[in-house]
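Just so you know, the sequences run in chain order A and B. Residue numbering for the first sequence follows our numbering, beginning at 1 and increasing consecutively. Residue numbering for the second sequence follows our numbering, beginning at 1 and increasing consecutively.
Just so you know, these hints were derived from the structure itself, not from any lab. Nothing here was measured: the structure is a model prediction, and the numbers come from that model. Honestly, I wouldn't trust all of these hints.
[Stated by the list, open to error] Computed cross-link-like contacts, SDA-like style, restricted to lysine to any residue with a CA-CA straight-line distance of at most 20 Å:
| hint | chain 1 | residue 1 | chain 2 | residue 2 |
| --- | --- | --- | --- | --- |
| 1 | A | 98 | A | 430 |
| 2 | B | 251 | B | 81 |
| 3 | B | 321 | A | 87 |
| 4 | B | 339 | B | 291 |
| 5 | B | 321 | A | 90 |
| 6 | B | 339 | A | 87 |
| 7 | B | 321 | A | 99 |
[What the hints assert, rightly or not] Computed Cβ-Cβ distance ranges for the label pairs, DEER-style:
| hint | chain 1 | residue 1 | chain 2 | residue 2 | range |
| --- | --- | --- | --- | --- | --- |
| 8 | A | 157 | B | 175 | 45 to 55 Å |
| 9 | A | 91 | B | 257 | 44 to 54 Å |
| 10 | B | 254 | A | 91 | 49 to 59 Å |
[Claimed, not checked] If you want the footprint, here are the derived chain A segments under chain B, 3+ residues with CB under 8 Å:
| hint | stretch |
| --- | --- |
| 11 | 102 to 114 |
| 12 | 215 to 221 |
Note that the Cβ used here is the ideal one computed from N, Cα and C, for glycine as well.
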Amino acid sequence: MTGDVAPGQPPQRGVSRRRLLGLLGVGTAGALATGAAGGAIGRATAPEPAAAGPAPTDSVAFTGRHQSGIVTPAQDRLHFVAFDVATDSRDELVDLLKAWTAAARRMTAGHGAGPVGAVDGEQYAPPDDTGEALGLPASGLTLTVGFGPTLFRAADGTDRFGLAARRPEPLAELPAFPGDQLDPAISGGDLCIQACANDPQVAVHAVRNLVRLGVGVVSVRWSQLGFGRTSSTSTGQATPRNLFGFKDGTANLKAENAATLDRFLWVGDGDSGADWLAGGSYLVARRIRMLIEPWDTASLHEQEQVIGRAKGTGAPLGGRAEFDPVDFRARIDAAPAVPRTSHVFLSHPDNAGTAILRRGYSFVDGSDGLGRLDAGLFFIAFQRDPRSGFVQVQRNLRHDALNEYIRHTSSAVFACPPGVRGAGDWWGRALFEG
Amino acid sequence: MFLPDHRIALLTVGVLTALATAACAGGDGQRDGGRKATGTVAVAASDDACDVTDTDLPAGTHTFRVMNKGSKITEFYVYGDGDRVLAEVENIAPGVTRDVLAQLPAGSYEAACKPGMTGNGLRTALTVTGKAAPSPDNEALAQAGPEYQAFVRTQTAQLLAKTTAFVAAVKDGDIPKAKALYPQARLPWERIEPVAESFGDLDPLIDAREGDQEPGQDFTGFHRNEKALWQAGDVSDMGPYADRLLSDVRKIVARADEVTFPPLQIATGAKALLDEIATGKITGEEDRYSHTDLWDFAGNLDGVAAGVDVLRPYLTDADPKLLAQIDDRLAAARSELGKHRAGDGWITYDRLDKAQLRGLSDSITALTESVSRVAAVVAER
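When you get a sec, could you build the whole thing from the sequences and use the hints?
Here it is as structure tokens:
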């Protein structure tokens, strides 16, 4: 990879559809579903293009108070990977976190994973970078690390790294929800890395090289590729569509209101585990398989009743335009315009009473062996506390009509430490040195 | 496992010739990182000629700079006795120059260009004379070659003895005995697999799986006998195949015994053995009828250990940290494999569950990462 922006190739200044999405922070994510308390904010989501923003090829700052890849405007592509730690040596784990941080600094700036590079090294040694991102720009790459509950205490109860006492209370496996069909092989993990970029090859390159650096210390438990804003079906409309064909993320707010973020997103100073986690956030990941074929044979009316929005405009039922506030009291023929079992009714911040930052991606993992599309939403949400975040929202969805068309097939939760600050800082330093 | 793919030669012997890819780095193919080449030999390849500037070379490492002046994509090889591949570079597009490194002890060789990537190639004889100058601080490394050769010879002796016994059991129609001897006969083969595979004419006759033959080529060798024993349960028609296996093994043993080993080849060979495990044994592809893949796994691992051991005196000084890591990871891989002991052998592949395969795979991945760094340490001498 070369520098941030190739010379002679200035960042785009026109507001392309892709950039508009990025600026608005909607995408499949970058959006904050606000709670009842944030209702007013929830209605302040009218598109308002900013004057100048980053081009899709630009680099995103790696260091800062918070990790990038959380409130960063959602990029187009995802490669998410969860690891089991293979060693019992705390020193080896710390060395790896340092090596990962160094590689992440380089790669997010548009450089290779190692100091030498893919083609300039010793003739007989494997190159310190794999090379498939040579010549590609940084492409908005962000790398976000998280620590799972099992890093602090393994499933068999052992405290391998002397971290058990440091586990924040909210960092625990999620409770079971009705209808869960979780596959343990693609759930959980001691560590995770979320790689997002506007070029899939850049995201894959980053994960591949971090996996390579981790050989012998960590072992990949599962991974997931995702794509977000690849559709070109809408013209000038900011909200992307998910694989059900509906606009997703309308009622969510871009994450620019610091007070709201401090309340719902970032771990605060008085919170459990704040000594190392303040400024961090909890990541919940759920692979949600969409039952595409039954959905595709449902009538338009049924689909809209299930979602609670018009498929074309994205307007809430009973409303006219996408960004109209959802009026839960509106009635059509004496029945609620937005059905009480609809996804919008049950998940809307006004009814869920809480807020999470969603940053998920669509996925298609080929077909399932029975000729059906193995596709859906790889749901990612960030929150200050999973118990009052995702768990609360998901419990509210118990009677969601959408449940007929989706299956949660994986579950994972990670604590993402605050951002890397100076040149000598590394991922998780406060946890391991504190 | 023999694979009908030229890349396998590259993975085994070919890796020691290290390709320098002038084309893909945007034209700056003149990097010299760590290379100790005796000299550069220019090769002008065209559609009907393969002009090598020097055909009388001093022993040592040579860079063959192959310039494709023709209109077809070409390949370049340096062959040893019996078309043993000593250097190889493929897919040289018209107008492109590629470097390939070969370590050549005294002897007779052939350089070959293959315009259109087919046929026997346009060949030029090379004569290499003299002795490669050993560097003075390099005694530890100088010992490695003869020691590894001694190891190879103990294995070829075993291979011959065990194959003879196996073939006799097959011809006697003694199926239980033949089944017991099959994995034992393969064990020495697997310990020196990259050496055997460097004989591209014999390897497929001995170790190819069904379906990997060239058009018109018969399915012969170990796996033909394996199929009859385990799948058909009938070896009455195996006589000619058993005889053929033994005569082919005899030939390969005679040739392997004469091979000498530059240290770099020992290092890359160890890495190639680990690749064999990762691609053939952990997948259960090698012994698809008998499922005795863990014997082969163990053999490959023994071969890695032998390669590391002969390089040990050198690595102890040159990179003790790497050596310690290799020892740790080798022990971890052995201990992982040790979980699947059954009697004096191993359980069959089909009895391994996914978690057990994962454990084996992780241990091999880690060991491979360490062993892959040995070649550079050796080359830096």
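Going through the hints against the structure:
1. 98/A / 430/A: 13 Å, holds
2. 251/B / 81/B: Given pair residue 251/B, residue 81/B holds - Cα atoms ~13 Å apart, limit 20 Å.
3. 321/B / 87/A: Answer holds: residue 321/B to residue 87/A is near 18 Å, not above 20 Å.
4. 339/B / 291/B: 17 Å, holds
5. 321/B / 90/A: 18 Å, holds
6. 339/B / 87/A: 18 Å, holds
7. 321/B / 99/A: 17 Å, holds
8. 157/A / 175/B: 45 to 55 Å: 50 Å, holds
9. 91/A / 257/B: 44 to 54 Å: 46 Å, holds
10. 254/B / 91/A: 49 to 59 Å: 51 Å, holds
11. 102 to 114: This one is violated; 0 residues, fewer than the three required, reach chain B with a Cβ under 8 Å.
12. 215 to 221: The restraint on the stretch 215 to 221 of chain A holds, since 3 of its residues have a Cβ under 8 Å from chain B and three suffice.
Checked against the numbered hints listed earlier, the structure breaks hint 11 alone; every other hint is satisfied.
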